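*Asks:* Listed here are the chains, written in short residue letters.
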Amino acid sequence: MKLPLRSLLAVSVLLACAACASTGKDAPDAPKGGDAKAAPKGDDPDEEADKLRKKERELEYAKMELEIAKLGAAADEREADTSVKDATLKLEAARKDQGNFLDLDKPTQVAGGQLSLDRSQQSMEESRQELAELEAMYKQEDFAELTKELVLSRGRKRLEFSQRGFDLAKKGQEEMLGHDLPKKEKELAQSVEKAEKGLNEAQAKKERNSLETKLKLMRAEHKVDDLVRELDKMKKKQGEKAAKKEATA
Amino acid sequence: MIGTLLLACVLQDPAPPKAAAPSPSAPQAEKSVPMVGTGDEARTSISRAVAFLLAKQNLDGSWGTSSVESFFELNYSNASFYAWKMAGGALCTMALLAVEETPARRDALERSMNWLVENPIPKRGNDWDIDNTWTSLYGFNAMVMAAKDPRFSEGKGGEAWSKKIRERGIGFYQYLAAVQEPAGGWGYYEGPAISRRPTWSTSFATACVIPALLDAKKLGWPIDQKVIDRAVQYVQHCALPSGAYSYGFDPIPRINGGENINDIKGSLGRIQVCSWARRRASDAKITDERIRWGLERFFENHRFLDAARLMPVPHESWYANAGYFYFFGHYHAALEINQLPEAEREAWHAKLRPHLLKTQWEDGATQDFPGSFYNVTYATSFSILALAAGLPGGERIR
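Sequence lines, in order, name chains U and P.
Numbering of the first sequence is given in this note's numbering, commencing with residue 1 and proceeding in unit increments.
Numbering of the second sequence is given in this note's numbering, commencing with residue 1 and proceeding in unit increments.
Keep in mind the hints are simulated off the structure, nothing from the lab.
Note that this is a predicted model, so its numbers are computed, not measured.
A hint or two may mislead.
[As the list claims (entries may be wrong)] Sample of chain U residues lacking proximity to chain P, with all beta carbon distances greater than 10 Å (derived):
(1) Leu52
(2) Leu59
(3) Ala62
(4) Glu65
(5) Lys70
(6) Ala144
(7) His179
(8) Val192
(9) Thr213
(10) Lys241
[To be verified] The following residues of chain U were derived to be distant from chain P, with all beta-carbon distances above 12 Å:
(11) Asp50
(12) Lys51
(13) Asp86
[Said to hold, decoys possible] Computed cross-link-like contacts, BS3-like style, restricted to lysine-lysine with a CA-CA straight-line distance of at most 30 Å:
(14) Lys55(U) to Lys241(U)
(15) Lys217(P) to Lys139(U)
(16) Lys223(U) to Lys235(U)
(17) Lys90(U) to Lys214(U)
(18) Lys123(P) to Lys156(P)
(19) Lys233(U) to Lys51(U)
(20) Lys226(P) to Lys139(U)
(21) Lys285(P) to Lys139(U)
(22) Lys63(U) to Lys223(U)
By construction, the Cβ of each residue, glycine as well, lies at the ideal position given by its N, Cα and C atoms.
Using the sequences plus the hints, can you model the full thing?
*Replies:* Right under this line is the structure:
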């Protein structure tokens, strides 16, 4: 059968209109201000293949991001563990220092200071006794008065210096008991308190980090899961189209 | 008050305590030394020792030099070497006075005596070194010994000698009286205060001259009894409860514990001279029993003196014994033996002799401390005197 040229042109225009009407919302990738004469995108096999490839890539990226998130989570956990361990050690050291001070250092310093004080007092007492003995012996006879005075004057000075040394030692002991040791005790208690706070802070930070990490991982896993599902859908749809086309042909 | 009580306790001078057992690390006595020595062995030793002294005597009658001859003694005052020369010469003179006379020995004795009385009495060396005190201590001893010897007081020339000896003896005494420290002793170094009259002294230096002071007073020399009394009280004060004598004078004597020079083992060279002097001063506490106790400790612990002999550093041996304690200690042990009843003396001397004989060298000399030649003269002389004291007539060595 033979058709006239005018009839052929009219058929082409109709087909084009029909094609436009069939695309609608199913052709989101159509270029803006696109060619009205182009075929609908959803039906373009190349376009479909690109979409699929892009989705597959997205999935690969998401999987890698998930791996990175897992490694990051492990690193964060280790760091948090280290922080807690360090804080624990600091607290232990501070408590040990405090215990050592209270149980050993403080009593030793107090006893050592007292021993020094007692020695100083005994030395002073011995100087006093020896001077008294010398004076008593020298008084027995009028003899060598000048030499005796030289010896006695040194003895008196020795006694005076012993007395002054004892007074200084006494003041030193008082300062140690009233100032140095309480100050040290307070400093050590503050160190323990600070270390306890540091440990609590490290433990809280670890818990917070743990939740944040869990969330990150969950998001990454869900993203992978979503992409897998999308990809499956796309592949299924593409398979159906291909089957339909094959049946039509 | 406490000091007075302590002092009273120390001065109680209790009965001699029993000595502690020797420490395991203590040096052992020389096993080759015989247990006893005879009088003949002593005479032989004396002959050889005197021959040595005669051979080494200078023409002027002295021994040695007035100069330092040893690196060990460079720290002393230069003046001390003349002082030691004269102190050693005094001991040589005493040794020659103590031995049997021969023409050569008489000649040597007169020359040494002449040198002693003609040359200046040594003066103090410096602020701390007053070793010239030794010269007056032994110079005085020598003059008193000579004054009692008829050879220098009777017969031809006796009067002239007697006058010179008396004058020189009084010269030595005047020095001693001038430097007797306030507590009553004599020393050879300065003490806590540097002064014309020294302020440090030792028990043994003080004790060694007390009998001569007593004898000099009997001789009619102008000796102040107070000088003697002070010295005797000083030595009595140095007596420790253990039976030992403290080295120096402490207002309140103390023992530090452990290995100390004031233990018996560190006091072996002092116990004999101090007891001898106190006995001569009629101290009733120094009984025969006390003397025997001291001699027993001397022999029981003799290894400590052996170990120290010839050690070059003073007091470097056990219980701070020094080499120069040896012959000083043996000489005074011999004198102390002669204070015991006559019947028991020979046994003690026989026990003492081997410790002198074993030290004699081939040339007849002996020594207990390294140093200049005076160390040889004093040691050899002390040995002669100790051995001579154990022979008949030895009692005149006092």
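*Asks:* Would you assess whether Lys51(U), listed as outside the interface, keeps its beta-carbon beyond 12 Å of every beta-carbon in chain P?
*Replies:* Consistent with the label, Lys51(U) stays out of reach of chain P, its closest Cβ about 103 Å off (over 12 Å).
*Asks:* Per the stated criterion, does the least C-beta distance between Thr213(U) and chain P lie above 10 Å, as a non-interface residue requires?
*Replies:* Fine: 72 Å to the nearest Cβ keeps Thr213(U) off the interface.
*Asks:* Compute the least Cβ-Cβ separation between Leu59(U) and chain P, then decide whether it is above 10 Å.
*Replies:* Answer for Leu59(U): holds, closest chain P Cβ roughly 91 Å.
*Asks:* Can we trust that Val192(U) is non-interface, i.e. its beta-carbon lies farther than 10 Å from all of chain P?
*Replies:* Given a closest Cβ separation of 46 Å, the condition holds.
*Asks:* Would you check the hint for Lys233(U) and Lys51(U), treating anything up to 30 Å between C-alpha atoms as holding?
*Replies:* holds, 12 Å
*Asks:* Are the Cα atoms of Lys226(P) and Lys139(U) separated by 30 Å or less?
*Replies:* holds, 15 Å
*Asks:* Does the claim that Ala62(U) lies off the interface hold, with its Cβ farther than 10 Å from every Cβ of chain P?
*Replies:* holds, 87 Å
*Asks:* Non-interface claim for Asp50(U): all C-beta distances to chain P beyond 12 Å?
*Replies:* Asp50(U) clear of chain P: closest Cβ-Cβ about 103 Å, beyond 12 Å.
*Asks:* Since His179(U) was said not to touch the interface, does its Cβ keep a gap of more than 10 Å from each Cβ of chain P?
*Replies:* The claim holds: His179(U) sits with its nearest Cβ about 35 Å from chain P, beyond 10 Å.
*Asks:* Ala144(U) clear of chain P by more than 10 Å, beta carbon to beta carbon?
*Replies:* Contrary to the label, Ala144(U) does not stay out of reach of chain P, its closest Cβ about 4 Å off (not over 10 Å).
*Asks:* Does the structure keep Lys123(P) and Lys156(P) at a Cα separation of 30 Å or less?
*Replies:* The hint is violated at about 34 Å.
*Asks:* Minimum C-beta separation from Lys70(U) to chain P exceeding 10 Å: can you confirm that?
*Replies:* With a cut-off of 10 Å, Lys70(U) remains clear of chain P, as the shortest Cβ separation is near 75 Å.
The structure fails hints 6 and 18 (numbered hints given earlier, in ascending order).
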